[in-house]
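Visitor: Sequence:
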Amino acid sequence: MSTSVRPKTKFRHSRLSARNREWIAGYLFVLPDALGLLVFLGLPMLLSLVLGLYDVDGFGAYRFVGMANYTKMMRDPLFWQSAKVTALYALMLVPLLYVCGLSLALLVQKTNRFNGVIRSMFFAPHMVSLIVVALVWQFLVVDKIGVLSRLTPALGLGGISFLGDPDYALFTVVAVSVWFLMGYYMLIFLGGLQDIPAMYYEAATMDGAGPIAKSGTSPCRCLSPRASS
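Sequential numbering from 0 applies to the sequence shown in numbering that gives the first Met the number 0.
Do not take every clue at face value.
[Claimed, not checked] Taking CB as the label site, the calculated pair distances span: (1) Ala153 - Thr70: 19 to 27 Å; (2) Leu90 - Val131: 40 to 48 Å; (3) Gly59 - Gly157: 45 to 53 Å; (4) Val146 - Met205: 47 to 55 Å.
Keep in mind that the hints were calculated from the coordinates and are not lab data. We put the beta carbon where it would ideally sit given N, CA and C, even for glycine.
Go ahead and model the full structure; you've got the sequences and the hints to work with.
Guide: Put into structure tokens, the structure is as follows:
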């Protein structure tokens with residue numbers, strides 16, 4: 000009786016140890032990024048909140064004023080206008096990043112020499128310094144002398160101030176942000192797509208799924224009982 004139980008117990012212990020190793024390895028991979036976020040993002044945010052409790056004269060003198068600064072900020076209409084613009088920016092940027100990133104990943108999903116070059120081209124903006132990105136886009140959209148600013152009158156759209164007009168400034172910033180970040184999200188989605196086993200695509204093809212259904216942009220039957228069998 001004991002001989003029949005020991006192998007199962009030994010296998011269970013080895014299985015748990017394997018899970019523990021995977022758990023430790025996963026957290027070790029996440030640790031550098033987590034420390035970077037904590038040191039360079041979390042702590043400065045916390046110190047900024049604490050600093051808001053003081054009145055600073057700019058010469059090293061600090062006077063504790065409690066919530067007076069935050070009360071004054073809440074009563075300032077410019078704060079609420081800034082919060083509104085920030086919320087609109089996030090609501091436009093996040094969905095566009097996911098749509099553009101997934102679309103580019105589906106476009107370059109197949110592995111060949113041409114897609115390798117295309118992947119590099121899409122990811123190249125993310126490797127450029129933000130200062131360079133700002134200078135390039137300033138050269139393109141600055142009023143009157145920018146390339147796009149000179150092109151719009153020729154197209155019959157009139158003179159458009161991409162950065163000075165409130166109707167266009169936010170959309171311009173969102174467009175530049177998407178252009179800069181979509182290559183990074185492309186790689187994230189590409190890694191997930193390439194991790195999907197080929198058997199699911201084969202099962203979806205046998206079930207009659209088209210290219211759009213197999214890409215995951217619409218519900219497919221690749222996990223249906225017949226496909227899984």
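Visitor: Each of the hints needs a verdict: does it hold here or not?
Guide: Against the structure, the hints come out as follows:
1. Ala153 - Thr70: 19 to 27 Å: Given range 19 to 27 Å: violated, Cβ gap about 52 Å.
2. Leu90 - Val131: 40 to 48 Å: Roughly 28 Å apart at Cβ, these two residues miss the hinted range, so it is violated.
3. Gly59 - Gly157: 45 to 53 Å: holds, 52 Å
4. Val146 - Met205: 47 to 55 Å: holds, 51 Å
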